[in-house]
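J.: Sequence:
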Amino acid sequence: MTTLDLSGVALQTHDESYPFDVSPFAHQRELQRLFEERDRFVAVNDSPTGGGKTSSWLAPVFANEIDPIAIYPTNALIADQQEAIQRKVEETVDHDVAVLKATAATLSEKSDDFGPTSHGAVLDDWLRQEKRYNNQVILLTNPDIFVMMRRGLYRKGSREYKDFEVAVVDEFHRAGRKEQNTLRFLLDEMQAADEAVVALRKVAFLSATPDQRQERLFENAMEAPYVRVTDHDSRERKSYTESPGNEWYSVMPPVELDVRTAPTFGTGEILHEEAEDILRFCRSGRTVVMLDGIHEVGQVHAWLDEEIDGNVERIDGFYGENKAEKLARFDVLVSNSAVEVGIDFDVDRILFAGHNRESFLQRLGRLRSASDWKQARCYVPRTVANALSEYEGQTTTRSELDDILADAYPDPRQPATFDAKYSAAEAFEHLDDRLRNASSDDQQAIEQSTLDRIKRHFGVGPGADFSLQDMERFTETLDWRVLTSLQWYRGDNIQALVYDRTKDRVTTYDLFYLLRYGDVKFVDRDSFERLVPSDQRAKIDRRERYVDGFCVYDGTIETTDEGYGRSVYFTGGTLNAWIDDTSNTGRKPQLKSGLQIGVDPNGSGSRVPSITKVNARLRERGQRADAEESGLVCYAVNGPPSRVKRQYELDDFFFLYPIRIQNKDMHSLAIGIDALYLHCHVIEQEQQLSGSDDSDFLDNL
1 MTTLDLSGVA
11 LQTHDESYPF
21 DVSPFAHQRE
31 LQRLFEERDR
41 FVAVNDSPTG
51 GGKTSSWLAP
61 VFANEIDPIA
71 IYPTNALIAD
81 QQEAIQRKVE
91 ETVDHDVAVL
101 KATAATLSEK
111 SDDFGPTSHG
121 AVLDDWLRQE
131 KRYNNQVILL
141 TNPDIFVMMR
151 RGLYRKGSRE
161 YKDFEVAVVD
171 EFHRAGRKEQ
181 NTLRFLLDEM
191 QAADEAVVAL
201 RKVAFLSATP
211 DQRQERLFEN
221 AMEAPYVRVT
231 DHDSRERKSY
241 TESPGNEWYS
251 VMPPVELDVR
261 TAPTFGTGEI
271 LHEEAEDILR
281 FCRSGRTVVM
291 LDGIHEVGQV
301 HAWLDEEIDG
311 NVERIDGFYG
321 ENKAEKLARF
331 DVLVSNSAVE
341 VGIDFDVDRI
351 LFAGHNRESF
361 LQRLGRLRSA
371 SDWKQARCYV
381 PRTVANALSE
391 YEGQTTTRSE
401 LDDILADAYP
411 DPRQPATFDA
421 KYSAAEAFEH
431 LDDRLRNASS
441 DDQQAIEQST
451 LDRIKRHFGV
461 GPGADFSLQD
471 MERFTETLDW
481 RVLTSLQWYR
491 GDNIQALVYD
501 RTKDRVTTYD
511 LFYLLRYGDV
521 KFVDRDSFER
531 LVPSDQRAKI
541 DRRERYVDGF
551 CVYDGTIETT
561 DEGYGRSVYF
571 TGGTLNAWID
581 DTSNTGRKPQ
591 LKSGLQIGVD
601 PNGSGSRVPS
611 ITKVNARLRE
621 RGQRADAEES
631 GLVCYAVNGP
641 PSRVKRQYEL
651 DDFFFLYPIR
661 IQNKDMHSLA
671 IGIDALYLHC
681 HVIEQEQQLS
691 GSDDSDFLDN
701 L
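Note that full-length UniProt numbering has the sequence shown beginning at 1, numbered continuously upward.
Hints should not be assumed to be uniformly reliable.
[Stated by the list, open to error] No more than 25 Å apart at the CA atoms, straight line, and that leaves these computed lysine-lysine pairs for BS3-like:
(1) K664 - K645
(2) K88 - K131
(3) K323 - K503
(4) K156 - K110
(5) K156 - K539
(6) K88 - K326
(7) K539 - K503
(8) K131 - K110
(9) K162 - K110
(10) K588 - K664
(11) K131 - K162
(12) K110 - K323
(13) K326 - K503
(14) K503 - K521
(15) K156 - K131
(16) K539 - K323
(17) K539 - K110
[What the hints assert, rightly or not] Derived Cβ-Cβ restraints for the label pairs, each shown as a range:
(18) R159 - R329: 36 to 46 Å
(19) F345 - D652: 21 to 31 Å
(20) T397 - E223: 29 to 39 Å
(21) T585 - N134: 49 to 59 Å
(22) R159 - R38: 25 to 35 Å
(23) D652 - R329: 25 to 35 Å
(24) S642 - E247: 49 to 59 Å
(25) T502 - L279: 20 to 30 Å
(26) D15 - A193: 33 to 43 Å
(27) A616 - E562: 25 to 35 Å
(28) E276 - N134: 48 to 58 Å
(29) T585 - N437: 35 to 45 Å
Rather than coming from a laboratory, the hints here were simulated on the basis of the structure.
We put the beta carbon where it would ideally sit given N, CA and C, even for glycine.
Please model the entire structure based on the sequences and the hints provided.
T.: The following block contains the structure:
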C-alpha cells in the first residue's frame, strides 16, 4: 500500500467583463475572443475537469445569439447538459432560447406531434417550429444522429442541421479511432462548404489534452485555422496544498491518494477481501465507488446495500434510470464509466479501479471544485502501483502524476494503418453517395475537394505510406456491405430488448452480459409484448428492429467460486468453413450470416435453452433492418481469445468472442469496428515479420 499527497489545481480568474456574472478564466476569454474576431476556426479546449469548459462556448453563443449544435457521447450526458444549460438560460439570458434534446427516444415521442415519419423529417419539422417561436435554438444530440443527418441515412433526409453556425463536440477524447476520424472529417467538410449551403464556421472540441497525432490532424487535416485555447496555461494554472489565494479558483482539490493493487475486472473481489476497511472508508463520508465490469458493480452494490445504513445507489448502463434522484440522495454510489464524465455531483471521497491511464485521471477528476483535502483510493495493476510507490511521502503535482502514469501504463496498441485503409474507404463511399445526389455542375468540385480532404485526413503523418491510389485500391477490395456499415458512426453490436421483472421496466442491453450472468429467458416478439406492462409497450415498436432477442430478466445467477458465469461463444458451420478455407491474413472482415451463439453452464448449473430464439433473430437481421443482406460485420482469427490478445498486444477492454469447435474454444471472433481494428493489427504484424510493406499487401489482395 502506498499513500501519495496530490496537490490541488487552481485557475487564475480575471476581473473583466464576461457574458456570465463571473470572473472568467483565460481559456474562457480566449474562446470568447475567437468567437468575436474569427470567422472560421477549429478550437480545442483541454482545460481541467471542473474548469468551465461548457461555459467557455455557452457564454459567447448566448452573447451573440448564435445557434449551436452540441454533440455529446451519451444520451445520459445530453439529459444532464440540457438541465444545466436550461438553468443558465433562466439565470443569464433575456431572449427566448429553446434547448432541444435530440435522441432516438425524443424523436420517437415527437413523431406523435409531427406524424409517424422518418426521424430526419421529424427533426426538421421540430427545428423549424422552434425557430419560429425563439430567438435562438441550441440542439443537443449524440454523434449517431449527427452522422445520420450529415450522410442522409434517414429515410427522409434532414436539412435544418445545415443552418447551425457552431458545432461543439464534448469529450472528444473518449471516442474510438474510427469515430474520431468520422466526426473530424465531416465537420471539416461542412466547415469548408459554401456558407450559403452550410452555415457551420466555428468548431470547438472539448477534450483531454490532444496527443501528437491529434494535434497534427487538427492543425494539418482540417482547413480552418487551429487554436488550442490553453496554450498560455502555464501562467494561468498553479498547484497548491493550502488555500490557492485570491484571484485563483480551485478546480481540483488536494487529495490524499491511497494506492492498492487489483487485476482488471477483479477489483470487486479485492473489496470483499478488505471488507472491514472498505466499509469504514464508505461510512466516513459521501462516497463514489467506480469499477469496470458491470457484474462486479452489481455484486459490490448488493453487498454495500446490505451492510451500510443509508442510501446505497447504483448507476450503470443497465441501471441508468432515475439518475438525477439517485445522485441527489446517495450516501454511497456504485457505478462504472457511466459517471466518469460530465455529470455533476458533490462527493467527499472516491474509490476507483484505474486500469488504464485515461480512466485513472478521469475518475480521480470526479473530486473537484473544492480547496479542502479529499480522500481517494485507487486499485491499479501492480506495475503502476510500483511506479507510484517511488513517490510515497512526497507532494506530487497533477502534471507530475500525469507523467508518472504515462510511463507506468503500457500504451494501448493502435491500428496504425486503420486511417489509410478503413477511414479512407469510409470517405470514398461517402463521396460516391454525395456524387450520386449532386448536380452535374457540382460533381467535379465535390470530387476534387473530397479527394484532397481524404489525403489530408488519412494520408499524412509518420508512417503513412499510402497514396490516394493505394487507398482507392484497398477500398475496391472490400465487401460493399462493409463499406455501407462504415457510413454509420458506430459498428455492429448484439443487444437484447429486456423486460426486467426485478424493476418492472423495459430497456436494451448487451446480449453477452445477459447470457453470462442473467437469470433470463428469451421469447418471441408476441410473447414479449404480452408480458410487458401496457404503458411500456411503445418501447417495443421503437426498438425491435435494432435488437437480436427479447429477454425476460429476473436478476443474476449464482456464479462459480471464481466468479465466472456461463460460457458464451459463437459456433456453426458458417464460421468453421470460413476459418478452414482461409488464413488470418487472407481473411477480410465480412458481413456474415448464419452465425449461431452457444451457451454452456460452465459449472454455474444454469442453462439457457431459449437461446434458439436469439439465433432465429440473428438469421432475420436483414429483414428487420431494411438491409439487402442479413448478418454481422465480423472477422475471425485462429486461436482462442487469450492467445490472440497476447499475440497482437490487445488490452483487456478489447472484445473478442470464442469460436467453439468440438467443445473447445479454438478461434476468436471480433464484431463491428473491432473486426476492422483487429484486421489491421493482423496485417501490420504480418508485414513486420515478413519485411513486406503495404504495397505488397495490396498486390496480394
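J.: If a hint holds in the structure, say so; if it does not, say that too.
T.: Going down the list of hints, with the structure as the test:
1. For the given pair, K664 sits about 18 Å from K645 by alpha-carbon distance, which is consistent with the 25 Å threshold.
2. Simply put, K88 and K131 have alpha-carbon atoms about 20 Å apart, close enough for the 25 Å limit, and the pair holds.
3. For the given pair, K323 sits about 15 Å from K503 by alpha-carbon distance, which is consistent with the 25 Å threshold.
4. For the proposed pair K156 and K110, the alpha carbon gap of about 15 Å is at most 25 Å, so the pair holds.
5. A C-alpha spacing of about 22 Å is found between K156 and K539, which places the hinted pair at or below 25 Å, so the restraint holds.
6. A threshold of 25 Å between alpha carbons decides the hint, and for K88 with K326 the separation of about 23 Å falls inside it, so the pair holds.
7. Between K539 and K503 the CA atoms are separated by roughly 16 Å; this keeps the pair inside 25 Å, and the hint holds.
8. Between the alpha carbons of K131 and K110 the distance comes to roughly 16 Å, so the proposed pair stays at or under 25 Å and holds.
9. Our distance criterion of 25 Å between C-alpha atoms is met by K162 and K110, whose separation comes to about 21 Å.
10. A distance of roughly 24 Å separates the Cα atoms of K588 and K664; the hinted pair therefore holds under the 25 Å criterion.
11. In summary, the hint linking K131 to K162 is supported, as the alpha carbons are separated by about 14 Å, within the 25 Å threshold.
12. Between K110 and K323, the direct Cα distance comes to roughly 23 Å. Compliance with the 25 Å bound is thereby established for this hinted pair.
13. For the hint linking K326 to K503, the alpha-carbon distance of about 15 Å falls within 25 Å, and the restraint holds.
14. Distance check on the hinted pair: K503 and K521 sit about 16 Å apart at the alpha-carbon level, within 25 Å; holds.
15. This hinted pair checks out: K156 and K131 have alpha carbons roughly 20 Å apart, not beyond 25 Å.
16. With a C-alpha separation of about 19 Å, the suggested pairing of K539 with K323 holds against the 25 Å cut-off.
17. The hinted pair formed by K539 and K110 meets the criterion: a straight-line CA distance of about 14 Å does not exceed 25 Å.
18. With their beta carbons about 44 Å apart, R159 and R329 fall inside the hinted range of 36 to 46 Å.
19. Here the CB-CB span from F345 to D652 is close to 28 Å, well matched to the stated 21 to 31 Å.
20. A C-beta distance of roughly 37 Å is found between T397 and E223, which places it inside the suggested range of 29 to 39 Å.
21. Judged by the Cβ atoms, the range 49 to 59 Å given for T585 and N134 holds: they are separated by roughly 57 Å.
22. Evaluation of the 25 to 35 Å hint for R159 and R38 yields a pass: the beta carbon distance comes to about 26 Å.
23. In this structure the supplied range 25 to 35 Å holds for D652 paired with R329, their Cβ-Cβ distance being about 33 Å.
24. At roughly 55 Å, the beta-carbon separation of S642 and E247 lies within the given 49 to 59 Å, and the hint holds.
25. Distance hint check: the CB atoms of T502 and L279 are about 25 Å apart, consistent with the given range 20 to 30 Å.
26. A hinted range of 33 to 43 Å holds for the C-beta pair D15 and A193, which are about 41 Å apart.
27. At about 33 Å, the beta-carbon gap between A616 and E562 stays in the expected band of 25 to 35 Å.
28. Our hint of 48 to 58 Å for E276 and N134 holds, since their Cβ atoms are close to 57 Å apart.
29. Between T585 and N437 the beta carbon distance is about 37 Å. The supplied range of 35 to 45 Å therefore holds.
In summary, this structure violates none of the numbered hints.
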